[in-house]
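From the two separate chains plus the hints, produce the assembled complex.
Spelled out from the first residue to the last, the chains are:
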Amino acid sequence: MIYWVIFLAWVIYAYFIKKGSQHHLLIAFSLFLSAAILKIISVDKIAQPVMSVSLLGWFIGMTIALIEYRRSSSL
Amino acid sequence: MLKYIFIILSIPLILVFIWFKDGYLLSHAEGALPFYKLERYLEPTNYAWMEHPGLGNISLFTTAAKPTYIFLTFLQNLGIPGFIIQASVFYFLLAGAGIGIYLLTKEFFPQLDNKYALLSVFFYWFSPLSMTNVWNRFLPNYIFFFSALPMLLLIFIKGLRSKNYYFAPLLTLLIGIYSYSMSALVFVLLLWLLFILFALFFFITEKNAIERWFYIKFVSFLFILFTFTNSWWITQLFSLKFQMPFTQTISNFSTEGNLQTLKELSNKLGDLTNVVRLISASSPDIIGLDWINFFNSPLAVFFEFLIIGTILFTIIKNRTERSILILGGLFFITLFLVKGTNTPLGEVYALFFQTFSSLQVFRNPFEKFSFILNLITALLVGYGIFVSSQYLATKTKKDIFSIIGYFFFLCTTIIMGYPFFSGLVFTSIEPPTNDPSVGYEVKVPDYYQETSNFLESKGKNFRFIGFPLGDEGITYKWERGYTGVELPSTLFSTPGILFNTAVPYYNDIVPQLENLLLENNDFLSVANSLNIRFLFLRTDIDWQERNMKNPQVILSRINDLEKKGLIKKVGQYGALTLWENSSWKDYTFFGANKIISSLPETTNLYNSISDVSSGEITLSGIPNEITQKGFVTKIIVNGIQNLNPQNLDYESYSFNIKKEGDYRIQFDDLANYDSKIVLDRKLASIDNTPLTTLNPIHLREGRYQMIVNNLHGENTIDLSKVFDSKDSRGFFKNFEINNFNSNINHYLVSLDYQSVKNQKLTIYIFQDNDKIRNGENITPLNLNLDPYSKNNSIQLNSFFFVRPSSTAAWVSLLSDQPIDSLAIKNLSVTKLIKPKPVFIMTLPNQTPVVPPTISYTKINTTKYTVHISNTSNPFVLVFSELFNNKWEAFYGDNTSINQHYRVNLYANGWLIDKTGNFDLTIEFTPQRLYKSGEIVSVFSHLLNGILLITLIYQRKKKVNSL
Chain S
73 MIYWVIFLAW VIYAYFIKKG SQHHLLIAFS LFLSAAILKI ISVDKIAQPV MSVSLLGWFI
133 GMTIALIEYR RSSSL
Chain W
64 MLKYIFIILS IPLILVFIWF KDGYLLSHAE GALPFYKLER YLEPTNYAWM EHPGLGNISL
124 FTTAAKPTYI FLTFLQNLGI PGFIIQASVF YFLLAGAGIG IYLLTKEFFP QLDNKYALLS
184 VFFYWFSPLS MTNVWNRFLP NYIFFFSALP MLLLIFIKGL RSKNYYFAPL LTLLIGIYSY
244 SMSALVFVLL LWLLFILFAL FFFITEKNAI ERWFYIKFVS FLFILFTFTN SWWITQLFSL
304 KFQMPFTQTI SNFSTEGNLQ TLKELSNKLG DLTNVVRLIS ASSPDIIGLD WINFFNSPLA
364 VFFEFLIIGT ILFTIIKNRT ERSILILGGL FFITLFLVKG TNTPLGEVYA LFFQTFSSLQ
424 VFRNPFEKFS FILNLITALL VGYGIFVSSQ YLATKTKKDI FSIIGYFFFL CTTIIMGYPF
484 FSGLVFTSIE PPTNDPSVGY EVKVPDYYQE TSNFLESKGK NFRFIGFPLG DEGITYKWER
544 GYTGVELPST LFSTPGILFN TAVPYYNDIV PQLENLLLEN NDFLSVANSL NIRFLFLRTD
604 IDWQERNMKN PQVILSRIND LEKKGLIKKV GQYGALTLWE NSSWKDYTFF GANKIISSLP
664 ETTNLYNSIS DVSSGEITLS GIPNEITQKG FVTKIIVNGI QNLNPQNLDY ESYSFNIKKE
724 GDYRIQFDDL ANYDSKIVLD RKLASIDNTP LTTLNPIHLR EGRYQMIVNN LHGENTIDLS
784 KVFDSKDSRG FFKNFEINNF NSNINHYLVS LDYQSVKNQK LTIYIFQDND KIRNGENITP
844 LNLNLDPYSK NNSIQLNSFF FVRPSSTAAW VSLLSDQPID SLAIKNLSVT KLIKPKPVFI
904 MTLPNQTPVV PPTISYTKIN TTKYTVHISN TSNPFVLVFS ELFNNKWEAF YGDNTSINQH
964 YRVNLYANGW LIDKTGNFDL TIEFTPQRLY KSGEIVSVFS HLLNGILLIT LIYQRKKKVN
1024 SL
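First to last, the protein sequences are chains S and W. Just so you know, we're using the working numbering here: the first sequence kicks off at 73 and counts up by one. Just so you know, we're using the working numbering here: the second sequence kicks off at 64 and counts up by one.
Chain W on its own, in the form it takes in the complex (with noise of 0.2 Å):
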């Protein structure tokens, strides 16, 4: 057994040295890089909120991995470089997955021969689910899951035989071990689920009632065990019941969408004809390169079949035993829920996932199903080849045991385990992953740290924005690139926007903040509700391939507003550069009595924006108390679209006047618009005059209907602009589009075609910031042509929607012989403005009120103490924190205030109704939740430890006396 021991503890060494031997990190998708600076992901892990992304936000599940993250950060300052740390953990994981499938096979079919023991090993380790699902996805709990599933299951299996409650706290310890798997609520959920159905077939195909009755206590002992020593993060999922934004949003959360979701994964990755063989319907589209067609090879296939058919063969030939019963039967459970709603009966999957909404975390069946069918296969694989060799031989009358053992030895060592020894499984279609001489090896250059460093040493009281600005992935083109989410809270300690991601609020704002910076001279004025002192530009970065903004078009964008004085260059470290935004404050704390309220709530920047310098915000809505006080400036009143937002000649919007007053009227986009407006069935205004310029419009309360012409540009095409160009597509004719502006994002392209030689067109739009790959634009717009006419003529008229990020844009004609043997005429691509338009009413001047003096003192990310002073009126304090209800203030009696809205859109502002000198204690309350609930996990592993000590002590007892 030791030498199988030591094969086992062997392999996962040889297999990290081939991964780390060059000294990088691995990272991909949204594993992020916490190797990187482990310290970064701890921080988090401590509190029930944090400083990241951009804005703040609530901590949840990542608080699991608080031990975890611990333990690697003391290494990591004892000065052990990350990358020998991500190779110690791998090692350990691999290693663990192994011993623990090695002594769970023998636990369930103890006489098997080892060889057999270990072939279940190495299935484990190189299965394609493994591969694809595991390893290639790259996510660190995925990892920490895989690793523990087998010696979570051993301990369990242990103590439901053996009769033993000591496993059950000894189960709680390794599951502590293993927290960081627990933090993303699916992997608890399977977890549970696992435990529940091998209790369930102990408790089927056990005849003893005494026995039945002690796996029901050792199963309810566990989950009461569970409980408490995982209640720091447990705490966290009830504290989130109760905390707004996230409340919204899960009820915003659409079981009709997740239903979607689930038939269209199921429909494309639960064919039983894959599943059964444990192939990724879709890994050819993930890792994209030709070596992972060899698993659909039919050589492959039928390779793949033979490993089932052995299992399937060896179900039927030893059904009677009842280790066979229990893992064929799981088997086959499993076998059901990961294809999902397919079929067979895939309408039971569909009825529970709409019943019970927890379960909808299960919307990608085969992903998450498939960490335990790969378990419950490997755990027959080694069996089911035994018995099936055995079963040869018997019926040949020859021994050929060895000879089909060790043939499925290599197979399985060779064939599977080949893209994890030649590091092909870290390896994917985005560059540069695809390149097999980089895969997943990342090397992070030296400039971000001194990037960290500077803004470090400017303090911890601002945010920083980084542009170009996109969405949750990022590709850096750096030595070693990295492609997957973005970064900022691994390279940078400072909080800063740096991407948009689905945290409520924080999601509004983002997507405009790039475009508000290039079209709108109040960019800083945002920037200061956003507390943001630092802007920086990065050249480092694939844009193309992410679709981002062209960094040139922003760099000349930041010199305009540093020629005017408003930013200041501060530094330049490597690829990076910082500006200085010049009117900053310290805006964390600040006190308002200026607002400028919106109705209804909007999410629109353009309509929000206030002058935070002066005291003045916006809020949404006009809550009596505010407008008893005076501090209402001005009222922003937006039209609701609810007449056929798809009309390309006119928009129809209705208003809701709530206040009496004399009203102007602005468009969001356009300075001076001229149109054609009927507000209230009667003409507003005539064309060619500016309706800016027009007096105000008295309007009494109640709703208004307002019709808008939309304008239709001029023909951008330049026909002094063409170029041609050619790809493996054919032939290009390619028109620029001039003054292309994708705020304005509806254009409509119209063309008279005739086909010369029956010569086929097609239309493209081209964006600067379309994905190239081998210098073959692959994201272009199609516009599909009507079928041709029986003269072969067309006559295009077709609307397309630009990208909000592109910068320029050309229609491209492309044909499969070269362009100009093509009759092609009036082509023209004009601009679709549709106007938004609002109405704004400025209140009389109210009596100027000095502002209070506010400073503060931050004790942690969850709690600060503001001090206030010579405030004679009341106010609005406003925090500049993502807004939640949990945010909550005190007097310094502890007396809650009870007035607290979202202003400027995200951010936290209370009414404070108090005058003089005085103390508020600004609070995230789930954090108390959080330390109670720590501590109860604490002096629960303590009793735990206790328990398991006394409980093995009586056993050891229990045996000497017999």
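Isolated chain S (complex conformation) (with noise of 0.2 Å):
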């Protein structure tokens, strides 16, 4: 449930903050490195839900980027 509210929470951020898709991916790309560096050092029960949040982030990124290109096309 609490991806739920984060990922809701990530959709009103994106949608009201009206950043680019690059904001969106760097803070996933950093998330997915905190992961693995907590994976790598074996705290393993930190590195699942920082990684699961991480892929959030990537979907929302992805999505805004995919916008952006057909608005870019469009022109």
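Because the hints were derived from the structure by calculation, they are not lab data. The model shown is predicted, which means the values in this text are computed figures rather than measured ones. Errors might be hidden in some of the hints.
[As the list claims (entries may be wrong)] Derived DSS-like pairs (lysine-lysine); straight-line CA-CA distance at most 25 Å:
| no. | chain 1 | residue 1 | chain 2 | residue 2 |
| --- | --- | --- | --- | --- |
| 1 | S | 90 | W | 270 |
| 2 | W | 523 | W | 823 |
| 3 | W | 270 | W | 169 |
| 4 | W | 380 | S | 90 |
| 5 | W | 521 | W | 270 |
| 6 | W | 834 | W | 796 |
| 7 | W | 84 | W | 506 |
| 8 | W | 692 | W | 977 |
| 9 | W | 784 | W | 926 |
| 10 | W | 84 | S | 117 |
| 11 | W | 626 | W | 648 |
| 12 | W | 1019 | W | 280 |
| 13 | S | 91 | W | 380 |
| 14 | W | 270 | S | 91 |
| 15 | W | 784 | S | 117 |
| 16 | W | 796 | W | 823 |
| 17 | W | 540 | W | 834 |
| 18 | W | 823 | W | 784 |
[To be verified] Label pairs and their computed distance ranges (CB to CB):
| no. | chain 1 | residue 1 | chain 2 | residue 2 | range |
| --- | --- | --- | --- | --- | --- |
| 19 | W | 881 | S | 74 | 31 to 37 Å |
| 20 | S | 135 | W | 362 | 32 to 38 Å |
| 21 | S | 117 | W | 360 | 18 to 24 Å |
| 22 | S | 135 | W | 1001 | 42 to 48 Å |
| 23 | S | 85 | W | 273 | 33 to 39 Å |
| 24 | S | 85 | W | 134 | 57 to 63 Å |
| 25 | W | 134 | S | 81 | 26 to 32 Å |
| 26 | S | 135 | W | 360 | 33 to 39 Å |
| 27 | S | 117 | W | 510 | 54 to 60 Å |
| 28 | S | 117 | W | 1001 | 57 to 63 Å |
| 29 | W | 357 | S | 135 | 34 to 40 Å |
| 30 | S | 143 | W | 353 | 50 to 56 Å |
Backbone N, C-alpha and C define an ideal beta-carbon position, used for all residues, glycine too.
Okay, structure coming up:
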């Protein structure tokens, strides 16, 4: 349930902040790197949720990137 | 480019040389051993019905493999050894996958340097997913699908990009070549999911409406071509819907159960920190050898994250490129699917899984979707490393392109490729494959061919049964041993019962046969009803590894039967000894007019033994037309256990009497049984009076309740038979259980124990067929002791269940110190006997009827002509093949016989109400659909070829005219 809340919050954030896809993708990438480091040092219990939130970020970022692509190609 | 193609063609050559240099076949798990005798795998693909396993079964999806088996059998018939054919197939599949990935990478990223495209190829071949889910798993259809995906996707993408319809017929032709991979529904769904997802992303990223419309038309056109050209196996899927045993099975297919499996597997395998690295969390459990742990070492984890990190970096940096948007989008969607119901948002997966029943084939999402994940990742890897290294070079102003590129090359080929080049990829935790010098190498001893030849020389109108009889898995202790699914159809051309599997009705009977042989003198009556002519015993299996029965115990029983003249030894071939059932005659078809009616339906063989030699059969229920003919000679009413089956003191059954009369009480497990029973609230017998000697009880129609006391046997522990042992767990004191009988599987163990010096006690039950690894019993029953009381004493009173296949057992007390210092009192093990009574009514003798004379001609496995002569009365024609409502009987004028029953628990029976001399046709009618589908497929492929040539010609003409 917590991931639905995070997802919804991120979608609302993306909608109102109006930042480009790069912004969201970079956040997701940072979360990925954090999760990777945690995994390497065997802090699995935190690594997994961080990676899950990262995946939500990638979805949102990629969706915005697709919208941007369509907008740019229709110009 | 040619240089790289040459490399892609050379590496598989080196690999197959390493894998097959010793001249052995490779085989493991469910992949069976097709390359041993390919013709035995071709045969079932010709028909909608196959004679294996044992009693027959529908062929279903195996028919999709027919073109492959036709070609490979042709090669084997030319005299080419199986291992060379297998090596050639593997070469073709590896090289095909490599070429496909290379061209596909170049299709998406035309400007990419060739050596980075080659990196994608290496990654696809050697990634951890490829290693565990494809090559270590070693299922032929998995390997075919792994190879087919890149090439099929390449043609599909080319079709979308070039907007040329001729790629659709080209693609369907290619699918025909890889049709083996369609022999699992899940791969058909995966292929179309991949096509639809790519088409969807092309659609979304395309601004031109005409082009978007083309995508829809192209996918639709492809779907139509696919349906027609593959109709030979698609028709089998549709016919399944109308086949009764299987519709029952499907309806019993519990969504809840599958959802539970899905959640468990998602939980185990769907951790994103593993999935994103393409690592299977279960690989250490499956492979078990030390080398696999390397992939989870910090250095390897860092390297695996580094690869994915470069891909993610590239997705961010080049997100304005269409190819990156499409592949990146698919990468995340696939990640989402692979993790199943795991976080985040796993509820979406569960919702689809529950809503669409066909998606339940994805109950192991990691195993299935990882094919797509591996493909998409491989396509992005080469480009990702190229972009990242270029970025670094620009930032550092140093040309470190090649250094980083070659670093990844080396890492990919040396580290990830090492299990492939060393052959370690073909090892697993199970013996003999846990020995790296053996791995998956298999050599079938020659005596199997000799045995098969012997059986073949005796005709094709019987079955054999092999002991010990286990479940699907088997371990053979050959020179180059085998562990995997049992191989009856590979080793023998004659149908036989050698294992139990989830085929309706078959799996009701087979688990009972071995104990029936050991316990019941009527085993050969059952053997006759199964048309079993030969019995064999094999001593070349690792029976403990598979928890099977000790062959020596079976041998002893077989020797008894031989002494009684019931069976006759007919041959010894290596580790196989054969006996012939002396009372056998061809029971493929026979007439019956004595019916034992069983109410309600039972799967208990003990209650369903009929003497087929006298025209007696069993039937569930009492159909009116059968009663009217006066065929019923005995009615057996089985009790339904309806009250607290866990009760240790008594059993409560309810019986529904449908026909008034005098009934005897009989127990299925013991001939004479002394106990107190209460029937219909009245005491029906008293202690010490054998119930089977009681006078019959008159019962009117209605429902009755019966309560039977359970029996607690005497202490089976003989303190004179105690022995000590020791292993890495500590010191054992072992007490043998006397008069052990696995048919009575409830045992009660009791003891009083007081700990001296805080010594910890563990109690195990060891059975003679426990799994032994490195001299240590690894599958004992562990009896949990209640928590110790304050004075460190316990009183144990615990039940345990033994395996039906074990023949000896002992209670073992384990302590970390020598056991003599333990204070143990009153150790006892007693049997708990739970009786299962039945009511039997014998009906007055009917006028004896002479059974008809029956002969038959087998046209093929799906069609027989039965010649009936001199019949003056109605009878039931029995066909000793697994019941299926699509086995149909027709009179000469093509009139169908509607009275079709399941008899003898598994076989087909038709009520024949015609006299004189006449012929019947018995046919498995889905074969007609299969043949029609085959014709449609052949013509569609021809038309497809013509269409392809026409489209290519038109295109050339158009190009020339420009």
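Now for the hints, and whether the structure bears them out:
For the proposed pair residue 90 of chain S and residue 270 of chain W, the alpha carbon gap of about 23 Å is at most 25 Å, so the pair holds. The hinted pair formed by residue 523 of chain W and residue 823 of chain W fails the criterion: a straight-line CA distance of about 61 Å is larger than 25 Å. Distance check on the hinted pair: residue 270 of chain W and residue 169 of chain W sit about 24 Å apart at the alpha-carbon level, within 25 Å; holds. Taken as a hint, the residue 380 of chain W and residue 90 of chain S pair is honoured in the structure, with Cα atoms around 19 Å apart against an allowance of 25 Å.
Distance hint between residue 521 of chain W and residue 270 of chain W is unfulfilled; the C-alpha atoms sit about 71 Å from each other, more than 25 Å. For a cut-off of 25 Å, the pair hint linking residue 834 of chain W to residue 796 of chain W stands: about 19 Å separates their Cα positions. Under the criterion of a C-alpha separation no larger than 25 Å, the hint pairing residue 84 of chain W with residue 506 of chain W is consistent with the structure, at around 14 Å. Of the supplied pair hints, the one linking residue 692 of chain W and residue 977 of chain W holds, its CA atoms being roughly 13 Å apart against a limit of 25 Å.
For the hint linking residue 784 of chain W to residue 926 of chain W, the alpha-carbon distance of about 59 Å lies beyond 25 Å, and the restraint is violated. Distance restraint check for residue 84 of chain W and residue 117 of chain S: the Cα-Cα separation of roughly 46 Å exceeds the 25 Å cut-off, and the hinted pair is therefore not satisfied. Between residue 626 of chain W and residue 648 of chain W the alpha-carbon distance is near 21 Å, which keeps this suggested pair within the 25 Å criterion. Distance hint between residue 1019 of chain W and residue 280 of chain W is fulfilled; the C-alpha atoms sit about 22 Å from each other, no more than 25 Å.
Simply put, residue 91 of chain S and residue 380 of chain W have alpha-carbon atoms about 16 Å apart, close enough for the 25 Å limit, and the pair holds. The suggested pairing of residue 270 of chain W with residue 91 of chain S holds, with an alpha-carbon distance near 23 Å, which does not exceed 25 Å. A hinted pair counts as satisfied when its Cα atoms are at most 25 Å apart, and residue 784 of chain W with residue 117 of chain S does not qualify at roughly 51 Å. Between residue 796 of chain W and residue 823 of chain W the CA atoms are separated by roughly 14 Å; this keeps the pair inside 25 Å, and the hint holds.
As the CA atoms of residue 540 of chain W and residue 834 of chain W are separated by approximately 15 Å, the hinted pair is consistent with the 25 Å bound. A C-alpha spacing of about 24 Å is found between residue 823 of chain W and residue 784 of chain W, which places the hinted pair at or below 25 Å, so the restraint holds. Hint check: residue 881 of chain W to residue 74 of chain S, Cβ distance near 54 Å, so the stated range 31 to 37 Å is violated. Roughly 35 Å separates the CB atoms of residue 135 of chain S and residue 362 of chain W, a value that falls within the hinted 32 to 38 Å.
For the hinted restraint 18 to 24 Å between residue 117 of chain S and residue 360 of chain W, the CB-CB distance of approximately 20 Å keeps it satisfied. The hinted window of 42 to 48 Å between residue 135 of chain S and residue 1001 of chain W holds, with their beta carbons roughly 46 Å apart. At about 38 Å, the beta-carbon gap between residue 85 of chain S and residue 273 of chain W stays in the expected band of 33 to 39 Å. For the pair residue 85 of chain S and residue 134 of chain W, the supplied restraint of 57 to 63 Å holds, since their beta-carbon distance comes to about 58 Å.
At about 58 Å, the CB distance of residue 134 of chain W to residue 81 of chain S disagrees with the hint of 26 to 32 Å. A beta carbon spacing of about 36 Å between residue 135 of chain S and residue 360 of chain W agrees with the range 33 to 39 Å that was offered as a hint. Take residue 117 of chain S and residue 510 of chain W: their Cβ atoms lie about 56 Å apart, and the range 54 to 60 Å holds. Judged by the Cβ atoms, the range 57 to 63 Å given for residue 117 of chain S and residue 1001 of chain W holds: they are separated by roughly 58 Å.
Distance hint check for residue 357 of chain W and residue 135 of chain S: the Cβ-Cβ separation is about 38 Å, which falls inside the suggested range of 34 to 40 Å. Residue 143 of chain S and residue 353 of chain W have their C-beta atoms about 54 Å apart, which keeps the hinted 50 to 56 Å range intact.
Violated hints, in rising order: 2, 5, 9, 10, 15, 19, 25; the structure is consistent with all others.
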